[in-house]
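S.K.: Construct the complete structure from the given sequences, taking the supplied hints into account.
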Amino acid sequence: MSILVFAEHDNSALKSETLKTVAAAQAIGGDITLLVAGHNCQSVVDAAVKVNGVGKVLVADNAAYEHQLAENISLLVVELASDYEHILATALTTGKNFMPRVAALLDVTQISDIIAVESSDTFIRPIYAGNAIATVQSLDSKKIITVRATGFDAVTTDGNAEVVTLDTVTDSGNSCHVSDELTVSERPDLGAASVVISGGRGMQNGDNFKLLDGIADKLGAAIGASRAAVDAGFVPNDMQVGQTGKIVAPDLYIAVGISGAIQHLAGMKDSKVIVAINKDPEAPIFQVADYGIVADLFEALPELEAKL
Amino acid sequence: MKVLVPIKRVIDYNVKVRVKPDNSNVDLANIKMAINPFCEIAVEEAVRLKEAGTATEVIAVSIGDKSCQEQLRTALALGADRAIQIETSENLDSLNIAKLLQKIVEEEQPQLVILGKQAIDSDNNQTGQMLGALTGMPQGTFASVVKFEGDKVNVTREVDSGLQTIALNLPAIVTTDLRLNEPRYASLPNIMKAKRKPLDVKAAADFGIDLTPRTKLLKVTPPAERQAGIVVETIDELVDKLKNEAKVIS
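Sequence lines, in order, name chains A and B.
In short: position in the first sequence from 1, add 3, done, that's the working numbering.
In short: position in the second sequence from 1, add 1297, done, that's the working numbering.
In case anyone wonders, no lab produced these hints; they're calculated from the structure.
It is possible that part of the hints are untrue.
[Claimed, not checked] Over 10 Å on every C-beta distance to chain A, these chain B residues come out as not near it, computed from the model:
id, residue
1, M1298
2, N1327
3, A1349
4, G1350
5, N1388
6, G1433
7, N1451
8, S1484
9, P1486
10, N1487
11, R1493
12, A1500
13, L1515
[As the list claims (entries may be wrong)] Cut-off 30 Å, straight-line C-alpha distance, at most; resulting in silico cross-link-like pairs (DSSO-like, lysine-lysine):
id, chain 1, residue 1, chain 2, residue 2
14, B, K1400, A, K145
15, B, K1538, A, K221
16, A, K275, B, K1540
17, A, K275, B, K1313
18, A, K275, B, K1544
Owing to the predicted nature of the structure, the values given are computational and were not obtained by experimental measurement.
All C-beta atoms, glycine included, are put in the ideal place defined by N, C-alpha and C.
M.R.: Below you can see the structure in the form of structure tokens.
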């Protein structure tokens, strides 16, 4: 069997989640090809050839792919599709955006957000915000799959794949990029960090999120937020952890002033160790926390920072 | 400009689902159902476009058995002008849903189709993108701002690294994210008025589409439960536990 994996990147770095999606491809079993579609993305190609388990790296380097517009990327993948039984992308915003177009153009359905592989046509995925786990069999000849990275362990990066440059350019011409407003942070990516500290409505305002900085610095942590904190405008959307935000599963997750709504738990309950700091002893977050402390976060955070 | 808003009837977001004892699916018997929250945001956005004079007509469409008329009436109470129910008792895959919606798009010729980015039951996040591919329309998914400029629509999208704004030729597909708007509550007079708005029922079987399922649900199980943890009294104790018991910090 042949498997095509779409590489997630920003034209400069390969996202670490791709290593986990390749692990999902290995669990299916077959020859794995990685597709790097972008513009001026040689550094991504250099990283991609080292991904263990990958035999070939296809490179589509063209301005049409610079912003990974769904219309253009889906046409490219469809053009390549005949060589592969499985096409995988990471369930991040790029993969979620273009993959269903690929599926529809190929007249097959998509299996979204798999967390485990049962066999080459049967996959396990969470439904209802992770409150139920479905085992789903695809009846289509081709499997179009998005992978939830937290379900798989990253492959190593000591491989040596062959590079094949693609000349095809697919440009739908009916969409174009206007601008980006990207959050620049020195901290690790939420999806890749081994420690995450998140604030919720209890933080009261955006300024108070600074209370998390010192702790994050000491632990090398990424900073996240609950939907309530994002909706209230405390912090930007890319910090949201939850069912419809980012799904994280770090070694340590510290929830501060977060009550623990179903949709938030869906984004973090697979973390290895969960710590909850909340002044409400009845908050549902304590039901999933390994260690809880009932305390006013404005007292607890400075003390925690001092004692780490 | 016509706006089409496909909506889905799902479990109310406040209700915690239970898996059936025979692991065949989740148990939805006697459970409170509602319009999918993302679909509600889509209806609200369409109605605001009409109030702003950008849209001329808002058409809500839903696919399901008779019970989804309840959610269509909700959309009408929120301000949609008319509704279409595509009647089927089958639980259809996203691709088949998108194919049925494609037929409605061909009939109605909307300039904008606005949908929720995902349904909170299946969590698939597929239908809008699939409809885009089938109709050849460009898409702006996970939208937090939608702005019309001439014959284009600018969509600001919530992406992993922040916000991205793209421009789409019309007709186009938009899927909603949480921060696009805050849906209104339907007023009692509007709920009453909604009862008299037109609601067409069309049989899914009449569209001449092969609706054979593309997936088979083999089983549904409850997730692994986390063991209840402990409550510590002091920060010192917490730091000690994290260092020496959980060994997640050094």
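S.K.: For every hint, state whether the structure bears it out.
M.R.: Going down the list of hints, with the structure as the test:
Against chain A, the non-interface label of M1298 (chain B) holds: every CB pair exceeds 10 Å, the least being about 17 Å. Under the 10 Å C-beta cut-off, the non-interface status given to N1327 (chain B) relative to chain A holds; the minimum distance is some 17 Å. Distance check on A1349 (chain B): its Cβ is at least 21 Å (rounded) from any Cβ of chain A, clearing the 10 Å threshold; non-interface status holds. Against the 10 Å criterion, G1350 (chain B) stays outside the reach of chain A, whose nearest CB is about 24 Å from its own CB.
Against chain A, the non-interface label of N1388 (chain B) holds: every CB pair exceeds 10 Å, the least being about 12 Å. With a minimum CB-CB distance of about 8 Å to chain A, G1433 (chain B) fails to clear the 10 Å threshold, and the non-interface call is violated. Annotated as non-interface, N1451 (chain B) brings its C-beta within 10 Å of a C-beta of chain A; the closest such distance is 6 Å. Listed as a non-interface residue, S1484 (chain B) keeps its Cβ farther than 10 Å from every Cβ of chain A; the least gap is roughly 24 Å.
Even its closest Cβ contact with chain A, about 29 Å, leaves P1486 (chain B) beyond 10 Å, as expected for a residue assigned away from the interface. The Cβ of N1487 (chain B) sits about 25 Å from the closest Cβ of chain A, beyond the 10 Å cut-off, so the non-interface label holds. Every CB of chain A is more than 10 Å from the CB of R1493 (chain B) (nearest about 35 Å), matching its label as outside the interface. Every C-beta of chain A lies more than 10 Å from that of A1500 (chain B), the closest at about 22 Å, which supports listing it as non-interface.
Not every beta carbon of chain A lies more than 10 Å from that of L1515 (chain B), the smallest distance being close to 4 Å; the non-interface claim is violated. The suggested pairing of K1400 (chain B) with K145 (chain A) holds, with an alpha-carbon distance near 25 Å, which does not exceed 30 Å. Distance restraint check for K1538 (chain B) and K221 (chain A): the Cα-Cα separation of roughly 17 Å lies within the 30 Å cut-off, and the hinted pair is therefore satisfied. For the hint linking K275 (chain A) to K1540 (chain B), the alpha-carbon distance of about 14 Å falls within 30 Å, and the restraint holds.
Distance hint between K275 (chain A) and K1313 (chain B) is fulfilled; the C-alpha atoms sit about 23 Å from each other, no more than 30 Å. Proposed proximity of K275 (chain A) and K1544 (chain B) is supported: the alpha carbons are some 11 Å apart, at most 30 Å.
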